[in-house]
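Chemist: Let the sequences and hints guide you as you build the complete structure.
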Amino acid sequence: MSEYNFAYLDEQTKRMIRRAILKGLAVPGYQVPFASREMPMPYGWGTGGVQVSAATLTPDDTFKVIDQGADDTTNAVSIRKFFENTAGVATTEETEKATVIQTRHRIPEAKLREDQIIVYQVPIPEPLRFLEPRETETRKMHSLEEYGLMHVKLYEDISQHGAISTAYAYPVKVSGRYVMDPSPIPKFDNPKLEMDAIQLFGAGREQRIYAVPPHTKVVSLDFEDYPFEATKADHPCDLCGAEDSYLDEVIMDDAGNRMFVCSDTDYCRSRREAGHVGRLAEENAA
Amino acid sequence: MAAQTQFSGGFENAPVQAAHAFRAAMTVMARPGEIRALTGIEPPAPLSLAAGTLLLTLCDPETKVHLAGDTDTDAGRKWLTFHTGAPIVSADQADFAVGTWRALGPLNAYRIGTPEYPDRSATLIVECDQLEQRAAVLSGPGIKDTARLSLPDVPALQSNATLFPLGCDFFFTSGDKIAALPRSTQIRTEG
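Protein chains in written order, with this note's numbering: chain A, 240 to 525; chain B, 359 to 549.
Source of the hints: derived by calculation from the structure; they are not laboratory data.
Listed next, the stretches of chain B that the computed footprint assigns to chain A, with coverage defined by at least 3 CB atoms under 8 Å from CB atoms of chain A:
(1) 368-375
(2) 408-418
(3) 532-546
Computed cross-link-like contacts, SDA-like style, restricted to lysine to any residue with a CA-CA straight-line distance of at most 20 Å:
(4) A:379 <-> B:524
(5) B:502 <-> A:353
(6) A:379 <-> B:474
(7) A:431 <-> A:349
(8) A:431 <-> A:353
(9) A:379 <-> B:472
(10) A:336 <-> A:299
(11) B:502 <-> A:416
(12) A:412 <-> B:475
(13) B:502 <-> A:433
(14) A:456 <-> B:544
(15) A:412 <-> B:544
(16) B:422 <-> A:251
(17) B:422 <-> A:250
(18) A:379 <-> B:522
(19) A:456 <-> B:545
(20) A:456 <-> B:502
(21) A:379 <-> B:478
(22) B:422 <-> A:272
(23) B:502 <-> A:430
(24) B:436 <-> B:418
(25) A:350 <-> A:458
(26) A:456 <-> B:495
(27) A:431 <-> B:503
(28) A:320 <-> A:297
(29) A:412 <-> B:473
(30) B:502 <-> A:432
(31) A:456 <-> B:391
(32) A:350 <-> B:502
(33) A:379 <-> B:473
(34) A:456 <-> B:504
(35) B:502 <-> A:435
Under 8 Å between C-beta atoms, here's a sample of chain A residues computed to sit facing chain B:
(36) 244
(37) 245
(38) 251
(39) 255
(40) 298
For clarity, every value in this text was computed on a predicted model and none was experimentally measured.
Ideal Cβ placement from N, Cα and C applies to all residues, glycine included.
Modeler: This is how it looks when you write it as structure tokens:
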């Protein structure tokens with residue numbers, strides 16, 4: 240599609256985004272303001288992630304997009320098509336073959352490598368926003384490293400529910416300094432935030448970019464007597480039998496039957512191809 | 359080869375070449391100590407290939423550039439203005455500064471950001487004679503265990519790191535090679 244500049248955005252916009260990415264990498268976890276552009280998709284559909292991907296992609300890249308772990312949902316399919324058309328990059332559904340992965344709300348189960356980049360779509364980048372609505376105040380709290388309010392919130396979870404009930408967008412402290420929203424990934428994925436790949440976060444509507452360099456210390460906030468727990472449904476995958484992957488619960492009928500399946504579709508598919516069989520796949524085969 | 363003019367030496371295919379150049383710059387900033395090749399631009403002397411390529415990848419009318427020492431030539435100013443439109447300013451206003459370590463002068467001349475906006479700090483592009491993975495020991499974000507990089511002035515860079523989350527960020531260039539040192543990196547002289 241030669242009517243567009245490579246990767247859709249004009250060069251000056253890409254330079255502005257690239258400068259923000261570099262400052263984000265230099266101050267891990269700090270939210271760098273950027274002049275987010277209007278994209279040909281609505282806010283909430285990954286406009287921040289798309290802009291970061293557009294500034295990051297080269298024609299040699301292989302691009303993968305997941306939405307809640309799945310490659311075949313509307314959001315993932317449309318973003319993948321967008322970059323096939325405007326950047327001409329190769330695309331894949333296989334985590335291992337991808338060099339740039341854009342994600343909404345999941346980190347792939349397969350361990351990411353040094354040569355890979357993961358781009359997160361972020362709705363609300365400010366972890367303190369629901370506790371303090373004023374940007375002037377949250378900015379001051381970050382500058383003073385005043386994160387007591389976040390611990391009060393986690394404490395209130397415990398006092399009301401007997402455990403930290405925050406299950407997604409679980410706050411983390413990056414490199415011992417900034418408290419960061421890891422985007423609405425399930426807290427099951429939090430331990431994976433310390434990884435070998437470069438992690439970039441883009442929030443289009445809120446106009447923020449932030450980053451976590453490889454091998455950076457990322458600690459999920461908790462208490463000594465209520466330590467952080469990476470939880471998942473206590474069940475193996477009904478299709479591939481995996482016991483170590485994050486699961487989606489699917490309601491099967493009106494009688495209350497349900498199944499649990501891997502949220503990472505590529506992980507589930509590769510396991511089934513390798514011969515692993517889950518409960519329902521076994522019944523179907525019988 | 360034709361004589362270098364203010365019009366020559368730019369990207370032939372800016373979207374693609376700048377994308378590759380940015381990926382090299384991002385990789386070294388994300389992994390302090392790593393050295394990558396960076397080419398595509400032929401800047402007027404004394405700018406190195408890597409420094410010239412980085413300037414044209416990141417600078418435009420929105421970024422103020424300081425040309426320090428020998429890099430502040432008439433040819434250099436015209437070339438940078440033609441290709442980027444970046445205003446050329448003194449050290450205290452600069453978003454980007456380029457020159458040898460000696461020419462860039464004391465670090466306290468540059469913006470280090472504010473507590474609420476630590477991103478509003480200068481990025482220094484330091485022209486070096488050599489760039490090698492030896493000498494100073496680096497640790498911190500982006501580094502598995504430790505990395506090594508030849509640095510021009512360890513004490514000054516150590517005191518810059520103590521300003522974290524404020525401080526300047528650095529690219530080191532030599533010929534067609536580039537490395538980087540963000541303010542988040544801890545520096546030791548041996549280890």
